[in-house]
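Okay, here's what each chain looks like letter by letter:
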Amino acid sequence: MKRQLAYFLVIFIGFLTLSGHFINYSPLNNFIDNDATQWFDIISGFAAFLGVVNLLQLHLNKISQKKDNWRYSIITLLGFLIMIFFGFIYNGSSVALGPHLKKEGSAFYWMFQNIYLPLGATMFALLAFFVASASYRAFKIRNFEATLLLISGVFLMIGRVPIGQLIPWWMSLEIYICLLFALIANRFKDKKKMLTLLTLSLLIFPILIFSLNLHDLALFKIPNLQEWIMDVPATAGSRAIMIGIALGTIAQSYRIITGREKSILGD
Amino acid sequence: MVEIIGVWCAVLLTLSIFSYLYGDNPFYKAAEHIFVGVSAGYIFTITFWDTIWPNLFGRLFPTIVQAGFDFDASYIFPLILGVFMLFRLSKKYDWLSRISIAYIVGMMAGLKFYVFLNSNLLTQIKSSAINLSGSYLSIINEFIVLVGVISGLVYFFFSKEHTGAVGKVSRIGVYFLMIKFGASFGFAVMGRISLLIGRFEELIEYSSFKYYYSTPAILVLMIIVLTYWSIKNTNINENN
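Those protein sequences? They're chains A and B, same order as listed.
Residues in the first sequence are numbered from 1 upward in steps of one, following the numbering used here.
Residues in the second sequence are numbered from 1001 upward in steps of one, following the numbering used here.
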């Protein structure tokens, strides 16, 4: 019965929210557009409290049972308690509790500025090193897909920094020729022949392009190419992903609203 | 003085996180644990003062909490549902928390159904259409986008085996997806590097006399402590 009540509520609220988009009745529309989402935020706020209690339980257990690295749990608890103390008890500024969170000079703001912000920013900055090693590993996989990933990533990065604009047309052309040969390299059985062909292409094509006066083409400017990659193939890829996600979300929402999905209540 | 203490704390914590490049060490572990605790406290405090206090108490007790709202008795329901959520901690009454979860899940399902149908599905399909009145170049580009979208969707269609013509189309879809992932990867790398530059700029700024040479002082101190710590650890390992 208790379980049925929850499922009934899911179905009722789901249909109620959905109907708000299709039935033109102002109290219902107003509820869906404003109150329903406010209620959601409020309940989520209580859920955040639940998360905090869970974190405290976890670290208190670690300390009481003296598990591995239990001393660090004391630091976590201290950090949490200091933040709560500055957030709810000690203000340190001239404004009331609440607005003091964003008031320069309050103890909470000091903690945000000097502890939370540097820690958060450095944690993410540290990922730059790991991204570099991850990319090295990804690009070691020599297949066509990995090469496409590499080309797109590298062109995007070069095209968006000032040095990308300084690359001359002939260098862009040489890069394209090298990339083309990288893609078709496994089709050559005789590597000497491939090397000769590559060298000849590297020498002849720039002269050919220059003599045909084609060197002003947008294709030979890396920033333009980067823009095209972003506007055309990358847009196509992201649209396919977005449509896929939308279809998945709609199907899952339909299953939830009609009571077909049974694993949603944390059972 | 408070500013100087703040700068020294910021530098110590920044260098502690960077010390992970040397390996897992007590500085990093301490900074990591501080981050977890402070983040939890920060999120909890912000959620209370920015959401619960004005939106809930501001409507239930408008004379006490002046958040610009009139009294609204219906807000007793989110209060009850919020309190029900806390019963998750009780073994006997945890079924009450399911009622709150039911509201959240039902509401989000109803809301997202329409939002995704409208913005992510219909709008994206409409944007992928080819405008034949445009220039030749734009028509070619739009055709490439259309091919990419359709082939990408074929790749996500798992109800049919990817062999034959379907397999070939899905392969083209993979190529488009790879270009997209490459672009996202490029953005991620650039974002992280700009953050890294920002941190270094701050460390350089705090190296001045104005901040009592905080960066070099803490850096030297950390190197000494880490050297002592690693020698001590090596000795312990050798004895074992």
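Calculated directly from the structure, the hints in this document are not laboratory data.
Don't take each hint at face value.
Unchecked claim - Straight-line alpha carbon distances no greater than 30 Å define the calculated DSBU-like cross-link-like pairs of lysine-lysine that follow:
| # | chain 1 | residue 1 | chain 2 | residue 2 |
| --- | --- | --- | --- | --- |
| 1 | A | K66 | B | K1160 |
| 2 | B | K1092 | B | K1112 |
| 3 | B | K1126 | A | K62 |
| 4 | A | K189 | B | K1168 |
| 5 | B | K1112 | B | K1160 |
Hints versus structure:
At most 30 Å may separate the alpha-carbon atoms for a hinted pair to count; K66(A) and K1160(B) exceed this at roughly 54 Å. For the given pair, K1092(B) sits about 33 Å from K1112(B) by alpha-carbon distance, which is inconsistent with the 30 Å threshold. A hinted pair counts as satisfied when its Cα atoms are at most 30 Å apart, and K1126(B) with K62(A) does not qualify at roughly 55 Å. As the CA atoms of K189(A) and K1168(B) are separated by approximately 25 Å, the hinted pair is consistent with the 30 Å bound.
The straight-line distance between the Cα atoms of K1112(B) and K1160(B) is roughly 27 Å, inside the 30 Å bound, and the hint therefore holds.
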